[in-house]
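Q: Sequences and hints are given; from them, build the entire structure.
The chain contents come next:
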Amino acid sequence: MSLRWWRLAARNLFRHRRRTILTGSIVVVGFVAATMTAGFVAQTFRGLKDITIRGQGGHLRVLSAEAAGRSDEEAATLLLDRAEELTRSVATSPDVLQAMPRLAFFGLVARGERSVGYMGTGTVPALEKSASITAEAVAEGTFLSDPEADEVMLGGGLARSLGAKTGDLVTVMTTTPDGGLNAIDATVVAILRWPIKELDDRLLFLPYVPAARLLKAEGKATSIAVTLKPGVDLEKAAGALRARIHRGGAGAIVKTWIESAPFYLAVRRLYAGIFLFTGLVLATVVILAAANTMTMSVFERTREIGTLLAIGMERRQVRNLFLAEGLLMGLGGSIAGAIGSLLIRAVLNASRISLPPPPGATSGGVLNVELIPAAFLVGFVLMTVTLLAASWWPARRAARLDPVEALTHV
Amino acid sequence: MNVPLLSAAGLTRIYASGEERVIGVREATLTLAAGELAVLAGPSGSGKTTLLNLLGLLDRPDAGRLELLGEDVSKLDDRGRARLRREKLGFVFQSHQLVPVLSAEENVALALWIRGLAEDVCRNRARAALSAVGLAGMEGRRPDAMSGGQRQRVAVARAIVGEPALVLADEPTASLDSETAARLLDLFDDLHARKEIAFLFSSHDPRIVERVPRRIRLVDGLIVSDELTTGGSS
Numbered sequence: 001m002s003l004r005w006w007r008l009a010a011r012n013l014f015r016h017r018r019r020t021i022l023t024g025s026i027v028v029v030g031f032v033a034a035t036m037t038a039g040f041v042a043q044t045f046r047g048l049k050d051i052t053i054r055g056q057g058g059h060l061r062v063l064s065a066e067a068a069g070r071s072d073e074e075a076a077t078l079l080l081d082r083a084e085e086l087t088r089s090v091a092t093s094p095d096v097l098q099a100m101p102r103l104a105f106f107g108l109v110a111r112g113e114r115s116v117g118y119m120g121t122g123t124v125p126a127l128e129k130s131a132s133i134t135a136e137a138v139a140e141g142t143f144l145s146d147p148e149a150d151e152v153m154l155g156g157g158l159a160r161s162l163g164a165k166t167g168d169l170v171t172v173m174t175t176t177p178d179g180g181l182n183a184i185d186a187t188v189v190a191i192l193r194w195p196i197k198e199l200d201d202r203l204l205f206l207p208y209v210p211a212a213r214l215l216k217a218e219g220k221a222t223s224i225a226v227t228l229k230p231g232v233d234l235e236k237a238a239g240a241l242r243a244r245i246h247r248g249g250a251g252a253i254v255k256t257w258i259e260s261a262p263f264y265l266a267v268r269r270l271y272a273g274i275f276l277f278t279g280l281v282l283a284t285v286v287i288l289a290a291a292n293t294m295t296m297s298v299f300e301r302t303r304e305i306g307t308l309l310a311i312g313m314e315r316r317q318v319r320n321l322f323l324a325e326g327l328l329m330g331l332g333g334s335i336a337g338a339i340g341s342l343l344i345r346a347v348l349n350a351s352r353i354s355l356p357p358p359p360g361a362t363s364g365g366v367l368n369v370e371l372i373p374a375a376f377l378v379g380f381v382l383m384t385v386t387l388l389a390a391s392w393w394p395a396r397r398a399a400r401l402d403p404v405e406a407l408t409h410v
Numbered sequence: 001m002n003v004p005l006l007s008a009a010g011l012t013r014i015y016a017s018g019e020e021r022v023i024g025v026r027e028a029t030l031t032l033a034a035g036e037l038a039v040l041a042g043p044s045g046s047g048k049t050t051l052l053n054l055l056g057l058l059d060r061p062d063a064g065r066l067e068l069l070g071e072d073v074s075k076l077d078d079r080g081r082a083r084l085r086r087e088k089l090g091f092v093f094q095s096h097q098l099v100p101v102l103s104a105e106e107n108v109a110l111a112l113w114i115r116g117l118a119e120d121v122c123r124n125r126a127r128a129a130l131s132a133v134g135l136a137g138m139e140g141r142r143p144d145a146m147s148g149g150q151r152q153r154v155a156v157a158r159a160i161v162g163e164p165a166l167v168l169a170d171e172p173t174a175s176l177d178s179e180t181a182a183r184l185l186d187l188f189d190d191l192h193a194r195k196e197i198a199f200l201f202s203s204h205d206p207r208i209v210e211r212v213p214r215r216i217r218l219v220d221g222l223i224v225s226d227e228l229t230t231g232g233s234s
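Residue numbers (our numbering), protein chains in the order written: chain A, 1 to 410; chain B, 1 to 234.
Hint data in this document are derived by calculation from the structure and do not stem from the laboratory.
Check before you lean on any hint, since a few could be wrong.
[What the hints assert, rightly or not] To spell it out: a stretch of chain A is covered by chain B in this simulated footprint if at least three of its residues, at any positions, have a beta carbon under 8 Å from a beta carbon of chain B; those stretches are:
| hint | region |
| --- | --- |
| 1 | 3-15 |
| 2 | 313-327 |
| 3 | 397-408 |
Glycine is no exception: its CB is placed at the ideal position from the N, C-alpha and C atoms.
A: If you want it as structure tokens, here you go:
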């Protein structure tokens, strides 16, 4: 279709300026809603992903080969032998920023008359501080510093249950792998505010050395938490690490963070469903509004269409003219929507609006709607296709008009 | 032997109105020569417009045969009929039927746009056609900024810009006052004389009927007389 037909289509759109602006506004609102929702959802996903990765202590975890096919809970009781040697090997891998051994253990922690069940982690304080969210979660006191000191950090909920505060002495009890009971006394150096409430009620951190002594598992680890360098592809890095471990002959497997993140995946699926539903509702509203506009336009221009057909315009040319009008409305609305979306995003992000905690978390953040170029692209395509679809039937009806009847239309 | 511009034999058009069948045109037979000036005359409801629509390939007959420049058009599909309408025919309607968002020049050029001609060719020929109907200098005006007579002249320019063999005009003066109608009829006379285009009017306006040399009279869809007079002005 040549430029002159596009010009005519554009002029036709402004015959009924108010109606076109109203329909265009619906396209704009649809576009803004879609791109803003995508930006907000992306922020939520990013935050949740970050929490999940750093909650696991890194992007990858090296586990005992016996952990293959078992749940995380079952794997937590399996120990890697020669963990220090394996940690050094993993840490020198080209994709790896740092690697640290971790011990998972469970038991009771007591203060005075009170004792509460806990989920314990023995870790290397300096590495834990940089790799996980634990350091940011310190609400009171200071992070573990001495790798060999009998010091403990407690989740806020756990501390409240015990009535413990920093400086208090607590007794950490557990069952060793050989079935014996063991305990150590440790000083509370920090109270944490963990973003996921269920964990906040149970978490306990000890330095690796006293944790290994408690478990009688010196030189062993439940896992090696691996943080990758920025920009490294997760699956490629996991593959390279598996090959490296295999070559070294260690009986170990590598799990990516996403393999141990059912909550993250469930939330992602939930949001994707909401997003899809919202998109369908928006598309339906836009289709109905645009179809109404185009149908009215065809009705009002029936005699003109009859004239065009009479002077020899082909039916496909008539149809294309109306489709072009729909397409232009979709493109125009999308461009205005894109500008509107960028402006609103800038204003919202500058407003530093506080958000409620995401699902399962105890603390919220500040609204930061992300700029998702793919959402803008999808918005353009979606709105344009939607407008084309909405114009199709009116355009087809216009093209099928009988010229004699159309010329006498009142 | 010269091929007639238009040749109709036994054209019949019947409309269904519920259970009732209404005969719009009954076995109309006529020929029209190139450059001829003729009018379909008769009272309202006599079938003038129906016959004009059939001859202008806007409607299909239920029976009969129609040839345009020797080509049997009775069996042509929609595309073939549209091609003939844009290349061989021009139309003027009772109301100007201009596109309101286009200027006078663009409205005239529209008849060439649909042929896919280059923009400068369309523009130049549209200007020439507007000049031929006495509207030089008004190319940029939109229909809503023109008088009724001027709009109808733009419609005439649109009809002739493609240099058709035949212009069909359905009650072209019906919406015009006497003075404007007279000037429009002068224009038709002038164009007929200068461009040798055949004109076929449908009208019950005596101002047209009396000025046109060939008068084909219809009553109840039937051609009752077809007379060539010397009293017409052309």
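Q: All the hints need checking, so say for each whether the structure fits it.
A: Hints and how they fare:
1. 3-15: As far as the region 3-15 of chain A goes, the hint holds, because 7 residues have Cβ atoms under 8 Å from chain B.
2. 313-327: Contact hint for the region 313-327 of chain A vs chain B: holds, 4 residues under 8 Å.
3. 397-408: Holds: 3 residues of the region 397-408 of chain A have a Cβ under 8 Å from chain B.
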